[in-house]
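J.: Going down the list, the protein sequences come from chains F and D.
For the first sequence, the residue numbers in this note's numbering are 34 to 111.
For the second sequence, the residue numbers in this note's numbering are 5 to 362.
Calculated from the structure, these hints are not laboratory results.
Worth double-checking, as some hints may not be accurate.
Heads up, simulated DSSO-like pairs for lysine-lysine below, C-alpha to C-alpha not over 27 angstroms straight-line [said to hold, decoys possible]:
hint, chain 1, residue 1, chain 2, residue 2
1, F, K56, D, K115
2, D, K207, F, K106
3, D, K189, D, K164
4, D, K246, F, K99
5, D, K88, F, K56
6, D, K115, F, K59
7, D, K207, D, K189
Take a look, some chain F residues computed to stay more than 10 angstroms from chain D by CB distance [what the hints assert, rightly or not]:
hint, residue
8, M34
9, N36
10, E38
11, R42
12, Q61
13, A76
14, A77
15, S96
16, L104
17, K105
18, Y107
19, I111
Away from chain D, derived, C-beta distances all over 10 angstroms, residues of chain F [what the hints assert, rightly or not]:
hint, residue
20, T35
21, L37
22, K39
23, S68
24, F97
25, K99
26, K101
27, E102
28, I103
29, K106
30, D108
31, V109
32, E110
A virtual CB, placed ideally from N, CA and C, is assigned to each residue, including glycine.
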Amino acid sequence: MTNLEKYSRAFAESFGISEGEAKTAKYQEVANWDSVGHMTLMAALEAAFDIMLDTEDIIDFGSFEKGKEILKKYDVEI
Amino acid sequence: MIDELMNVEPFSLLKTDKERILARALLDLTAFHYDNCREYRSMLDALGFDPRGATGGCRDLPFLPVRLFKELTLKSVSDAEIFKTMTSSGTTGQATSRIFLDRATAGQQQKALVRIVASFLGTARLPMIIIDCPSSVRDRRMFSARGAAILGFSIFGNDKIYALDDDMNLDVKALAAFLAKHSGKRILLFGFTFMVWQHFCAKLKNLSGMADLSGGVLIHGGGWKKLAGQSVSPGVFKSELKAVCGIDHVHNYYGMVEQTGCVYMECEKGHLHASVFSDVITRRADLSVCDYGEAGIIEVVSALPKSYCGHVLLTEDEGVILGEDDCPCGRKGKYFKVLGRLKDAEIRGCSDAYAASF
């Protein structure tokens with residue numbers, strides 16, 4: 034599985050949306066991407082890429098696109 | 005304005021700088037709520053307070069009794085912008101406060117909380133034990149103060165477990181598995197004061213030798229009333245936790261759902277601290293401002309509430325401001341102690357509201 038596939042799947046499984054829908058997902062604009070869903074997504078990404086995100090990055094992680102930039106800091110290229 | 009506060013260390017500003025920045029932020033907020041909340045405007049008009057012409061510091065701003073959030077629907081944004089309603093943790097039959105959040109306010113509250121707590125914990129996330137039951141965060145749209153606090157603090161944890169099941173029994177199996185994995189590491193524990201005492205500390209005592217949490221940092225809040233009734237002082241609380249599971253670092257915090265995010269954390273010297281986002285003032289029965297060292301009614305001021313007019317609130321707690329900028333822990337800002345609930349005030353801390361059902 035490519036990193037993009039893993040990344041999209043984490044969104045899809047955390048929020049119960051399709052991988053297509055995941056690509057435009059923004060915090061609080063997808064029904065299940067609220068504060069509870071956010072921590073679910075963070076845990077899913079940490080498990081998928083074997084990383085631990087910093088608290089500041091968790092807060093900044095506001096969209097599918099923004100998340101790609103953040104993961105670069107952890108040497109994860111999407 | 006808020007951005008300016010987000011970019012400084014949360015306990016770094018000296019009195020004059022802080023007062024200048026906060027007073028400006030608070031005056032702007034007062035004007036915003038005056039323009040956008042009909043009820044707030046009527047109250048200020050009745051007081052003869054015009055935010056346009058106002059000058060002065062935080063202590064000169066009109067305050068609302070915190071109880072008002074139980075009686076009125078106070079919001080400064082349209083219904084369409086509200087995405088979450090938080091409620092205080094009232095017991096059955098007790099009125100609960102309702103706090104209406106828009107996305108921006110909720111986001112700022114989480115950011116402020118992170119900045120404040122990170123100054124005590126650091127930004128590295130720790131394996132975390134939540135001393136509560138999983139059902140406390142189940143309802144996603146209507147958050148109780150308990151659920152909101154648990155979620156807010158969860159950002160500091162990874163590999164989280166709930167120490168209690170939904171019947172409030174200690175989940176011994178989950179705890180044992182967690183400890184097998186993380187024993188010896190720095191661990192974050194979070195819970196409400198009464199629950200930590202009644203459902204964690206007391207139960208661990210019967211399982212002697214099982215839980216070594218000597219690397220643990222416990223953050224707890226939600227009121228002491230029930231424990232004070234059992235003659236459990238903060239000192240007893242700490243020494244018992246140390247004896248039962250070896251926890252050395254215990255930080256109480258003072259906060260309320262009406263000003264979520266702006267928590268006052270207890271430092272290593274046992275003092276509660278106001279961060280750059282907030283101020284604390286004590287008032288006498290005639291509502292004049294107390295001197296430092298003099299007990300009075302606690303007023304809390306926060307730069308965060310934008311979607312509701314909760315920026316200047318008179319609580320139902322009594323406390324004493326111990327000093328400003330000179331706490332031996334090194335943090336700047338006012339530091340204080342909460343003495344307890346005012347006589348005849350309703351029970352309303354998270355922990356106290358829960359404890360009242362026992």
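J.: Hint by hint, work out which the structure violates, then give me just those numbers in ascending order.
T.: When the structure is compared with the hints, numbers 2, 4, 12, 13, 23 turn out to be violated.
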